[in-house]
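Chemist: As a plain string of letters, each chain reads:
Protein chains: 2
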Amino acid sequence: MINKLIAKIQKTKAPIVVGLDPMMKFVPEQIRRAAFAEYGETLEGAAEAIWQYNKGIVDAICDLVPAVKPQIAMYEQFGIPGLIAFQKTVNYCKEKDLVVIGDIKRGDIGSTSEAYAVGHLGRVQVGSSLCTAFDEDFVTVNPYLGSDGVRPFMNICKEEHKGIFVLVKTSNPSSGELQDRLVRTEDSSASGEAEARPVYEIVGSQVAVWGAECMPESGDYSYVGAVVGATYPEQGKILRKIMPRTLILVPGYGAQGGKGADLVHFFNEDGLGAIINSSRGIIAAYQQEKYARFGEVGYAEAAREAVLEMRRDIASALENRV
Amino acid sequence: MINKLIAKIQKTKAPIVVGLDPMMKFVPEQIRRAAFAEYGETLEGAAEAIWQYNKGIVDAICDLVPAVKPQIAMYEQFGIPGLIAFQKTVNYCKEKDLVVIGDIKRGDIGSTSEAYAVGHLGRVQVGSSLCTAFDEDFVTVNPYLGSDGVRPFMNICKEEHKGIFVLVKTSNPSSGELQDRLVRTEDSSASGEAEARPVYEIVGSQVAVWGAECMPESGDYSYVGAVVGATYPEQGKILRKIMPRTLILVPGYGAQGGKGADLVHFFNEDGLGAIINSSRGIIAAYQQEKYARFGEVGYAEAAREAVLEMRRDIASALENRV
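Each protein sequence line maps, in turn, to chains F and X. Everything in the first sequence is counted per the working numbering, starting at 31 for the first residue and increasing by one. Everything in the second sequence is counted per the working numbering, starting at 31 for the first residue and increasing by one.
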């Protein structure tokens, strides 16, 4: 799946993943009205609205980008009906041959992480049968519990030819509270002086180690990737060096403040190695002044325009990099 | 809700939470057979089996313990049908007046954590209506993303009188890879010498700060609790001091290796301050030699016996503490 993702990035010339994070305030009036008319202002109504909204966007962008990243929280908040909309979205995107990155940020003790891995990437044993549940292509994983929490995902990825992205340095303002803390390195005592590295470097080094165990039979990138926020380009530059064979999933472009020029540090010299996520900057583009001409009815075309502009922004940043 | 939980702990004399983590290998033959006969070896069949299994256990233990902790991964692995079984389990336990701790270990950037908080503890806006989705009483939260990822849960808890448990030091063998790393403290430079504290102490101190903002109108314990594994009693002792007004949720008793005598450090001198989780040690008690006399058919009574023994074990450890 990592090779498919890289090949699709090369083919579309778009190292872009569209975040399908459908907040109700993004859903155009006409879609909400139709859904509520059918199901009322209920969880089912909300789920129908976000599903129809997603479908419009996916149809408009599926030939332009290699991948989508539905954020499961935006569905889970609507309970079971919301999760059915998540499942439908995953299935529909796979039908359209998009690579689906489930942004689930799970991570737990071993046996529990195994259950998440099985449910989202693998097959679950029921009696003598194997059943599939959510069946994304990649998922995001939280590393706070250490290797026990990550290895079950690695094992399932190996069997199923799928992949993960481990959180290293997240895009949010408070990510530094824990991730930037300076940690004593193991060789501190040897050198006599206490050397220190931030937590995100420690986790990044670990991702590189896990990644080396998880290389596809051919290809340059591991199926253990990393999440590093666009909002922290300096850290991205360092992490790029620490994890040379890691595909970096970069959230935080656009709405969260990351700019095209900041992104170059996340790429390798081959022009690969990173895939940039934009969510509301694309799916709610019609709400920006720049795309207001499309109106609520044209929300999907506005999303398409925003993808094209993002592709140009990244391409020009990569061309002009020093 | 924190006051209700503390009151129920006092009333039942059982600082115990039963982990409803129904792996298929725990479900007795007769329940599996009946579920597969009705729904086949499908996700629906698995979901029916774990729901019937849970129901038996809940009926057998609901008068003995204050709370249950369903681990959502064990349901999520069976996709939508599994999550429907989770929802039914939450609702059923609440009908039985048990406090329900959803072990979901979510945590994300602000707007996304808000969606999780709304979906699991609060109410979600749909048009002009407010709908409830999973509606647990407490959930567990992962702190890797910092305050941004935790505050939305705190805000919803304040509105809804609910609570959270933040992961501090988890029970699994590899928890130390990140959580035990020694971090330079802020006053390092002032003293001239580099002082260092482990990550779990840093997170624990932060939980104490968050907790102080989240005290109920009356009562000694904050509705921001912490997770500290029974398998790390020395760390528990330190964290108990750092977070005096924090209720500590302690997993890892029994199957994971934690013993009664290790638990005393997690309690305050008032005999409160901790609630000990046991999952397979109770729900799969019938598979232990000690309870084999109950057989598969008597799995629920075996669970009841195991709760009674666990209550004695904890009480005797607390009586004999130095």
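Incorrect hints may appear among the rest.
Copies of the same chain look alike in the list, so a pair counts if it fits in one copy or across any two.
Unchecked claim - 35 angstroms max Cα-Cα, derived DSBU-like pairs, lysine-lysine:
#1 K124 <-> K34
#2 K271 <-> K118
#3 K55 <-> K271
#4 K267 <-> K118
#5 K85 <-> K38
#6 K118 <-> K85
#7 K320 <-> K188
Rather than coming from a laboratory, the hints here were simulated on the basis of the structure.
Chemist: With reference to the structure, classify each hint as holding or not holding.
Modeler: Hint check:
Taking identical chains as interchangeable, the C-alpha atoms of K124 and K34 lie at most 35 angstroms apart only when both belong to the same chain, with a minimum of 13 angstroms there against 46 angstroms between chains. In this homomeric assembly, K271 and K118 never come within 35 angstroms of each other (Cα to Cα): the closest approach is 38 angstroms inside a single copy and 48 angstroms across copies. Taking the shortest Cα distances, K55 and K271 never come within 35 angstroms of each other, neither inside one copy (39 angstroms) nor across copies (44 angstroms). In the homo-oligomer, the alpha carbons of K267 and K118 never lie at most 35 angstroms apart, since the shortest distance is 37 angstroms inside one protomer and 48 angstroms across protomers.
Taking the shortest alpha-carbon separations for K85 and K38, only the intra-copy value of 21 angstroms comes in at or below 35 angstroms, while the best inter-copy value is 48 angstroms. Proximity of K118 to K85 under the C-alpha cut-off of 35 angstroms is found in both arrangements, the shortest distances being 9 angstroms within a copy and 30 angstroms between copies. Taking identical chains as interchangeable, the C-alpha atoms of K320 and K188 are never at most 35 angstroms apart, the minima being 44 angstroms within one chain and 39 angstroms between chains.
In this structure, the hints that do not hold are numbers 2, 3, 4 and 7, in rising order.
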